[in-house]
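Protein chains: 2
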Amino acid sequence: MEMNDMVIVSVDDHISEPPDLFKNHLSGDLLASAPKLVQDVNGKDYWTYQGVNFPSVGLNAVVGKPFEEYGMEPSSMDQLRLGVYDVHARIDDMDVNGIAASMNFGSVFDFAGGRLHKAPDKKLATRHMQAYNDWHVDEWCAAYPGRFIPCGILPTYDMDATVAELKRLSDKGCYTVSINENPTVQGLPSIHNEYWKPFYKAINDLDMTIALHIGGGNPAPHASMETPIEAWITTMPMSISQGASDWLQLEALHEYPDMRIALSEGGIGWVPYFMERADFSNSRHKAWTNSRFPGAMKPSDTFKRHFLNCFIDDAFGLQNIDYIGEDMIAYECDYPHSDTLWPEVPERLWPTINHLTDVQIDKITHLNGMRFFRFDPFEHHKKEELTVGALRAKAAAKGVDTSVHSTGGERPVEEGVKRPITSGDLMAMFKRHEENFAKQKQSA
Amino acid sequence: MEMNDMVIVSVDDHISEPPDLFKNHLSGDLLASAPKLVQDVNGKDYWTYQGVNFPSVGLNAVVGKPFEEYGMEPSSMDQLRLGVYDVHARIDDMDVNGIAASMNFGSVFDFAGGRLHKAPDKKLATRHMQAYNDWHVDEWCAAYPGRFIPCGILPTYDMDATVAELKRLSDKGCYTVSINENPTVQGLPSIHNEYWKPFYKAINDLDMTIALHIGGGNPAPHASMETPIEAWITTMPMSISQGASDWLQLEALHEYPDMRIALSEGGIGWVPYFMERADFSNSRHKAWTNSRFPGAMKPSDTFKRHFLNCFIDDAFGLQNIDYIGEDMIAYECDYPHSDTLWPEVPERLWPTINHLTDVQIDKITHLNGMRFFRFDPFEHHKKEELTVGALRAKAAAKGVDTSVHSTGGERPVEEGVKRPITSGDLMAMFKRHEENFAKQKQSA
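Keeping their order, the protein sequence lines are chains X and F. Residue 0 is where the first sequence starts when you use numbering that gives the first Met the number 0, and the numbers rise one by one after that. Residue 0 is where the second sequence starts when you use numbering that gives the first Met the number 0, and the numbers rise one by one after that.
Hints were generated in silico from the structure; no laboratory data involved. The reader is advised that the hints may include incorrect statements.
[Said to hold, decoys possible] Computed beta-carbon distance windows for the label pairs:
1. E378/X - S282/F: 36 to 44 angstroms
2. S282/F - K117/X: 55 to 63 angstroms
3. D321/F - E346/X: 52 to 60 angstroms
4. G415/X - D28/F: 49 to 57 angstroms
5. K438/F - G415/X: 53 to 61 angstroms
6. R304/F - E409/X: 35 to 43 angstroms
7. E433/F - D206/X: 20 to 28 angstroms
8. S282/X - K417/F: 56 to 64 angstroms
[As the list claims (entries may be wrong)] Stretch by stretch, here's where chain F covers chain X in the computed footprint (C-beta under 8 angstroms, at least three residues):
9. 180 to 190
10. 220 to 230
11. 308 to 316
[Stated by the list, open to error] Over 10 angstroms on every C-beta distance to chain F, these chain X residues come out as not near it, computed from the model:
12. S26
13. N41
14. Y48
15. N52
16. P65
17. E67
18. M71
19. S244
20. E254
21. I267
22. A286
23. T288
24. E343
25. R373
Since the structure is predicted, the reported quantities are computational estimates derived from the model, not experimental observations. The beta carbon of each residue, even a glycine, is placed where N, CA and C say it ideally should be.
Please work from the sequences and hints to get the whole structure.
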């Protein structure tokens, strides 16, 4: 195999939704009360919904900007690359990057629908959540069959509605749902509470997949406000290990041996250590903990069976796939966030993977993702149309522009500051955004 | 090399101090006001100091108990194995376990002197801290020259006193100090604040080593109160990655290229991923972060230069020492805590290390620890007297008893409970201890 022969399915990308996402899926009062993109007097866009405002429209959606502007938080749609919210431009950006298919997490309600939990009228929120899923599945994903893996969100504050939505999603061909890895941060019972039993049962009955994306659940703390921000960026993905450890203890994994859980954006290089440590801890403590793993079955056996490990750039992990399991590793692109290697994914991925067999490369680049998320791009496209080489040829013929464009934005600190930018600087910037926003609202 | 030829220096063990630790180092009012071990009406021991009480006398000091009692927190000295607090018995326990030398963290003021920060009279606390260090260096360590690496604590709430204590410790041959990995949790400025500049300078001038032990600084959160406790035990060591990431950004590392920092009990298997991720994050973000690593020097280069990685049981990490650096890995035993493999350390360590060269094994078992902590057991003992085989022969001649002894204690949950013991159960147990203790105090 050569670089251009890879078929790359990315199991984690993002959309910052376009302003008109609800218009084809709602009408009348429901459309009028749906989230709205509003521009303030300074030209900053924000979403407003049920009296709650979300100032960030393109959280970390910096693709296509110069590296110097990666710390400038996009605050209006016109600072975003078109592919961030326009599906046709997205396909171009996938083609030029050699990406055959992509699973996308949303933004307006956050990666896992967390913002729905802040809406006062939950029945209304559930209706808008459904419309959101309709847009995601029937409009965004359906625009290019075989190019997008559908990924829905859920009204987890209402278990009956959650189970109903799982069924509805499954019926329309969406087999993956994104939920918060730690629902206690949303005020819900923990994943070990019987509250979630109907959810696990429905996931199993419908043969669906749970995606847990870093960032919304267990905290990824900043060590101090004076800590250079690079420290936090470094440990952010690995912070999913807390969630992984929590979910590994789930009783439902034993009840439903085929349950599938994706650790989205968690990385893979730390996973062999984690599994070894889980086994060690179990061996030392199972005599008193009434362990879920009381006998010969080890936590690592269960981890290897249920959890998909997703990586962006992970050379060390890819040198150690035997420890993780070649069937439980999948590539992800993270477009349009700052970790994404767009448009150079093939050039960056290939050297970290080309020591593997062709079968292993196929598994990690697409077969594992296809199996885990029940998705088959080859129902719609011949394999040879979806290789890196074929997609890039298509993009070249179309002349897809990948040049870097400055879109400006607010610096986290004043120009001239020489010390490292800290966690505190970033916190202050977000606080400033919110305060300015509140002031403008008052004066409006 | 064979198993019995290893010379094992453990760079992380613990002492639960004996009640009379201050008697040879203080007199009069100072002795009278030193921490006191007191027994309550139920036979539970606790330390009391400056009006503050610390109910736990042997936190997790479960060595020698049956596994079934590992969840029963020792609450009195007579529940502890003698080697936990008696230096002569400790030497026996080291001999029978093939441990040539050991560095110990204390308990009465916590691993890193954190309890001193809670004392109202800080000047008095500083005096007692000095007496503590005198006991540790001049009594415990000095009892068996060449068998213990001294490790002091500091009055970090007073920088002048801290620098003075560093000098005093260095003069008495103690070259390592244990400090909190994240002093902001003690109400002190962060490690990046200029407050710490005299500390870093003194560490450098005196050629001393900083030890950061897991547990007292950055949080190792419990995902939920319903989460089985095994989840927390699993991720606890790796939680040091937050501290490692914070310290990796320290300006003083560039000012003092020989600064040495030990990540005590952090494990090693996750470290290659961590370094790779630090480099990746730096490469994506240095253009806007005013990074400490703006040019060709990578975070991983700095990490490899300054940080010692300490492991208890880490087969995967030991398969990957080339990624970490064979000079920056050291074995630790963690006696008497629940992770310790006493008295089977040689049998457990050897299979994870015997694929390495003799030189590499020597480095990891003792040479790295000796260099990093400026400690030379061979000034006092011939090498052949400190091998696993020689020490065990000595223990066998003496008849050191390693049989398991039940000492009982309070169960975290009532007998008969079948569900996994959770984080909430452990929290409730500790709260119950504190409440009982407070009640007894009132009635006394």
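Requested in this report: List, from low to high, the hint numbers that the structure doesn't satisfy.
Outcome: Structure breaks hints 2, 3, 7, 8, 16, 17, 18, 19, 21, 22, 23.
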